[in-house]
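Dock chain R against chain V, hints included.
The residues making up each chain are set out below.
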Amino acid sequence: MLGYNGKILRVNLTKGKVTDEPLEEETARKFIGGRGLGAYILFNELKPGIDPLGPENKLVIATGVVTGIPFPGNSCHAVMAKSPLTGIWGEAHAKGFFGPELKSAGYDAIVVEGKSGTPVYLWVHNGKAEIRDAGNIWGKLIREAQKIVKDEVKDDRAVVGCIGPAGENLVRFANVLFDFNHAAGRTGLGAVMGSKKLKAIAVRGTGRVRYAHEGKLLDLLVEKLKDKEALRGPYWPDGLYKYGSIADLAYWQETGRLPTMNFRKCLFNGYDKISAETLAKSPYVVRHNTCPYCSVACNRTLKATTPYELDPEYTTPEYESVAALGSFCMNDNLVSVMKAIELCNKYGMDTISAGGAIAFAMECYEKGKLSKENVKGLGLTWGNHKAIVQLVEMIAKRQGIGDLLAEGVKRAAEKLGGGTEEFAMHVKGLELPFHEVRGMKGHGLAYATSNRGGCHLQVETDDMFEGQLSSEIGIDETRFPKEYRDRLYAGPEKVRIVKIIGDLFAVFDSLVVCKWTVYPCGGTKTGTLVDIVSAATGWDFTIDELMKTGERIFNLCRAFNVREGITRKDDKLPKRFTEPLPEGPYKGETFPQHVLKNMLNNFYRFRGWDEKTGIPTRKKLEELELEHVADNLETHGIIPSIPKRKK
Amino acid sequence: MKLEISPEKCTGCSLCAAVCSARLVGEFSPSKSAVYVESLLPEKVVIRPYVCIQCDEHPCVESCPVEAIVEDKELGIYVVDKELCTGCGACIEVCPYSGLRLDPSKTYAIKCDVCRGKPRCVEICPTQTLKTAE
Chain V
1 MLGYNGKILR
11 VNLTKGKVTD
21 EPLEEETARK
31 FIGGRGLGAY
41 ILFNELKPGI
51 DPLGPENKLV
61 IATGVVTGIP
71 FPGNSCHAVM
81 AKSPLTGIWG
91 EAHAKGFFGP
101 ELKSAGYDAI
111 VVEGKSGTPV
121 YLWVHNGKAE
131 IRDAGNIWGK
141 LIREAQKIVK
151 DEVKDDRAVV
161 GCIGPAGENL
171 VRFANVLFDF
181 NHAAGRTGLG
191 AVMGSKKLKA
201 IAVRGTGRVR
211 YAHEGKLLDL
221 LVEKLKDKEA
231 LRGPYWPDGL
241 YKYGSIADLA
251 YWQETGRLPT
261 MNFRKCLFNG
271 YDKISAETLA
281 KSPYVVRHNT
291 CPYCSVACNR
301 TLKATTPYEL
311 DPEYTTPEYE
321 SVAALGSFCM
331 NDNLVSVMKA
341 IELCNKYGMD
351 TISAGGAIAF
361 AMECYEKGKL
371 SKENVKGLGL
381 TWGNHKAIVQ
391 LVEMIAKRQG
401 IGDLLAEGVK
411 RAAEKLGGGT
421 EEFAMHVKGL
431 ELPFHEVRGM
441 KGHGLAYATS
451 NRGGCHLQVE
461 TDDMFEGQLS
471 SEIGIDETRF
481 PKEYRDRLYA
491 GPEKVRIVKI
501 IGDLFAVFDS
511 LVVCKWTVYP
521 CGGTKTGTLV
531 DIVSAATGWD
541 FTIDELMKTG
551 ERIFNLCRAF
561 NVREGITRKD
571 DKLPKRFTEP
581 LPEGPYKGET
591 FPQHVLKNML
601 NNFYRFRGWD
611 EKTGIPTRKK
621 LEELELEHVA
631 DNLETHGIIP
641 SIPKRKK
Chain R
648 MKLEISPEKC
658 TGCSLCAAVC
668 SARLVGEFSP
678 SKSAVYVESL
688 LPEKVVIRPY
698 VCIQCDEHPC
708 VESCPVEAIV
718 EDKELGIYVV
728 DKELCTGCGA
738 CIEVCPYSGL
748 RLDPSKTYAI
758 KCDVCRGKPR
768 CVEICPTQTL
778 KTAE
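So the sequences go chain by chain: V and R. Just so you know, this note's numbering puts 17 at position 17 of the first sequence, and the rest follows in order with no gaps. Just so you know, this note's numbering puts 718 at position 71 of the second sequence, and the rest follows in order with no gaps.
Only chain V is shown next, with the shape it has when bound in the complex:
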């Protein structure tokens, strides 16, 4: 098969065995790679109701067809398992060097199953794999662990993905760090590795994947790179290069939708102290960093000595991280925000969930739901950066109150009780990222219906589309005139956009591409991606097939979730969003329950799901060539069985 290695590595940690399995072309074309391939494997192989931290759970790391093809945004891979944070579909994506290296090493994906009795790491190199003892690196921070692994495998070009102490301590939002600062952040997949006693995966390869039309791939690359203006990411006037995604912070502040104080406020007075411009002008930026073959270089290396010493190798100032540990906790001390991010990376924890958990704790403390005993000497008041930095470390080590917060806000609120559920800002157990849905209705629906819970990366809508159309995927002026793209519009046409983008992003996460480089956030057109897939594989891939594939993958992940008990009742938003925004241009704006109800009705209808339950119908699943999924749901009594025909 061209464009792929056609090989999956299966690692059974209980038996200590590694085996190679073929990746069939039919599977590859139907599910592409990344999210799609992971969902295909996990839906087929996981029994519903299993403990995400038990040996029955499996972890899939999958590249996609474009991974490693020199083109901006192509250096990504997906990590997937049943999530210990949400109990449903768990998925996170990392960029950097790991994905391309795994493909050079001869594999399209790795499936890890079972559980090792003692700490181990996996060493994958040029078509071979071995399980090795990790006794001496268990307990080590990310970089120390990675350096030891590289020494042991005697190859400093090996790329290592690894968990930190947070993953070992089964912090439910622990992540997996690739290199030192590319995180597969969300849904607690680091804890899945920790539960399996798998500390790290090191890969190294010198092989290469064969492509159908390599000359065409080069032409596409050269054409892309000729447009110098578009290279830096067209979404931002000054470019992702200069500011990175933190440019968002000023935008949300200016438009009155910067989640602040655990979604109780939407403006943050100290925003300019932690903004992208302030950082760009600061002496802290040492250099710009990039992923392989990307022109954007949105990442930066930071160095500072006071009031905290920053370790340049760990610090990655992204919007979500800065908002999480900055504005969301009312912290305007820039270096402390970076320090907290650095610690999350060092210990291996998701910054969004960590910030969400800390803000939750601050609100609990403010409202007397946590006693002084609980938070000994922390000074857990809004904006206290010392407390934030300290708490990050306490969560990772599960010390004191950190042990409770390491469970995530949903479980923490259940344990605390006393009405603290109202401060737990999550959907399906996943702490919300920092987008004020009262001022962007499409995003509210996206939060409520995303397959991994409260997530901003499975659908982007609203502001993104007000100025940007894409006729290739049917988002044009005729079909979606300006009023339908308005951020506050919540009618059926907005829902339709959410559906289209959900399908599109499902395929982006399967190809696997970086969303900063493709429509609607970046300049690469969907048609160009289709051309890349065709040139790589020799298939006659089309936009229609791409969109249908996306819909198939979206439905497959939903099927995974309904098998775990998810239905319409779970597609909801925190109650706080029904309260009016207190200030700014959108003062008074709410996200009423009846609005969400109507949006859901339309959403299920457009998706071809049962409107009452939100469960995909057999008809829809069969239309998407997912008969085996429909049969499986039927076996579990989730969808009705087909009435037997009379003979």
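Hints were generated in silico from the structure; no laboratory data involved. Where hints are given, some of them may not hold.
[Stated by the list, open to error] Keeping only pairs whose Cα atoms sit at most 27 angstroms apart, straight-line, the calculated DSSO-like set for lysine-lysine is: (1) Lys216(V) with Lys765(R); (2) Lys242(V) with Lys729(R); (3) Lys150(V) with Lys15(V).
Leaving out everything else, chain R in the frame of chain V:
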């Protein structure tokens, strides 16, 4: 024709190596390109491309025991004659710019030929780290 490098602008994206190898050997193989970037080691703090800049001193020419580095008068550059080159590596040793490297087959040295006058790496470099100079 000469090349000019502004190392401080380099982000380490390695697109130059991708297009270079595609032209030289018809495939994306950074290990076979004439320009290479050290950033492929993720923890490297210094990142920059290395490529022959067609310097005036060209110690590589004198170092070659088999006179395989020959002048292209039309373009005013020195190139490696792959047929003559034995892959001994003497030129690599003496180059002060780390501008040459050995092909993975170890049979010849790879040296930039400025794409016969229209260097692709310069054309595509997103940060203008690589430029042409007369």
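Going through the hints against the structure:
At most 27 angstroms may separate the alpha-carbon atoms for a hinted pair to count; Lys216(V) and Lys765(R) meet this at roughly 20 angstroms. A C-alpha spacing of about 43 angstroms is found between Lys242(V) and Lys729(R), which places the hinted pair above 27 angstroms, so the restraint is violated. A distance of roughly 25 angstroms separates the Cα atoms of Lys150(V) and Lys15(V); the hinted pair therefore holds under the 27 angstroms criterion.
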